[in-house]
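Trainee: Sequence:
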Amino acid sequence: MNSKFNLLIGFMVLILTVSCAQNTSTEVKVNIPSGIGASQVARILVDEGVISHSRPFAIYMRLTKDAQNIKSGVYSLKKGGSYSALRKVLTRGPNLYIRVSIPEGFSAEQIGARLAARGIIDDAQEFVDRVVERDLRGFLFPETYDFFPNEGIERAIDKMKARFENEFTEKYERRAAEIGMSRRDVVTLASIIEKEAQVAEERPIISDVFHRRLRRRMRLESCATVLFALGEHRSRLIYADLQIDSPYNTYRHIGLPPSPICSPGRDAIKAALYPEPTDFLFFLARDDGSHIFSKSYGEHLRNQKKLR
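Residue numbers for the sequence shown follow our numbering, so the first one is 19 and each next one is one higher.
Possibly wrong hints are sitting among the right ones.
[As the list claims (entries may be wrong)] With a cut-off of at most 27 Å between alpha-carbon atoms, the simulated BS3-like pairs for lysine-lysine come out as follows:
#: 1; residue 1: K106; residue 2: K177
#: 2; residue 1: K47; residue 2: K96
#: 3; residue 1: K106; residue 2: K89
#: 4; residue 1: K313; residue 2: K324
#: 5; residue 1: K96; residue 2: K83
#: 6; residue 1: K189; residue 2: K179
#: 7; residue 1: K177; residue 2: K189
No lab work stands behind these hints: they were computed from the structure.
Build out the structure end to end from the sequences listed, making use of the hints.
Mentor: See the structure below:
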């Protein structure tokens with residue numbers, strides 16, 4: 019019994035003396051694949067210069083009963099740290115993230131392109147295809163996220179959709195019901211407001227214009243929806259653009275388009291739910307991004323002449 023105890027003590031001393039590589043402040047990026055054991059993890063750590071010897075660390079993880087608790091993922095690990103500190107990190111989970119900001123008003127295509135450029139996903143078009151298949155245009159909330167490298171399409175979509183669910187509260191659900199709109203209607207309208215309004219204070223006013231037109235069965239006539247239908251950005255539309263045959267062309271079709279045209283932010287969603295009561299039915303964009311609002315078509319035409 020004593021000999022076994024002495025052997026264990028001797029081994030622990032050995033671990034303490036050879037456990038780490040040369041102690042430095044250098045950190046390295048280490049990828050721990052899923053489905054591998056402590057011995058394979060230890061060999062990866064040796065290859066990356068985090069520890070000097072694989073076997074003592076693998077045995078240490080078994081002695082601490084954490085060999086099965088190592089989590090796969092990408093880590094930032096310090097060379098020369100203690101086994102104890104290393105064990106805590108590896109059992110807690112990946113600690114290396116890529117921070118990505120998704121601005122308000124980004125389309126699914128723009129989100130996919132940004133995630134692909136940052137190494138979060140492999141294929142931007144596949145991302146868009148999955149968003150469309152899951153009918154989630156507009157429901158990927160614009161925010162700053164911490165993603166794992168190569169997080170993957172489904173997990174990235176799920177993370178952004180979960181954030182939307184947190185933002186669209188029960189209070190918002192009740193408000194949507196009060197004004198006779200579904201959640202999808204609200205997000206679709208908010209997406210149009212997001213793209214039309216460049217001045218924050220105008221969002222609730224633009225919202226009211228659209229609400230009034232919807233109630234009167236008037237076409238929304240939103241340039242933002244035409245640009246979405248065209249699939250490109252232009253500073254100005256020409257008459258031929260307004261004739262495009264698309265369900266997203268609100269110059270030709272009454273009501274809301276089939277889906278949101280972008281991911282609206284919290285202010286646009288709030289504006290869609292709480293429009294500012296006005297008598298306006300029309301608006302025109304100035305060169306500085308602000309708008310002139312009109313109560314009648316005649317006033318609207320006069321404002322058009324003023325802007326020419």
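Trainee: Look at each hint and say if it fits the structure.
Mentor: How the hints compare with the structure:
1. Straight-line distance between C-alpha atoms of K106 and K177 comes to about 25 Å, which keeps the hinted pair within the 27 Å bound.
2. At roughly 9 Å between alpha-carbon atoms, K47 and K96 fall within 27 Å of each other, so this suggested pair holds.
3. The suggested pairing of K106 with K89 holds, with an alpha-carbon distance near 11 Å, which does not exceed 27 Å.
4. Proximity of K313 to K324 is assessed by CA-CA distance (about 16 Å); at most 27 Å being required, the pair is judged to hold.
5. For the proposed pair K96 and K83, the alpha carbon gap of about 23 Å is at most 27 Å, so the pair holds.
6. Note on K189 and K179: the hinted pairing holds, with a Cα-Cα distance of about 18 Å set against a maximum of 27 Å.
7. The hinted pair formed by K177 and K189 meets the criterion: a straight-line CA distance of about 22 Å does not exceed 27 Å.
The structure meets every hint from the earlier list without exception.
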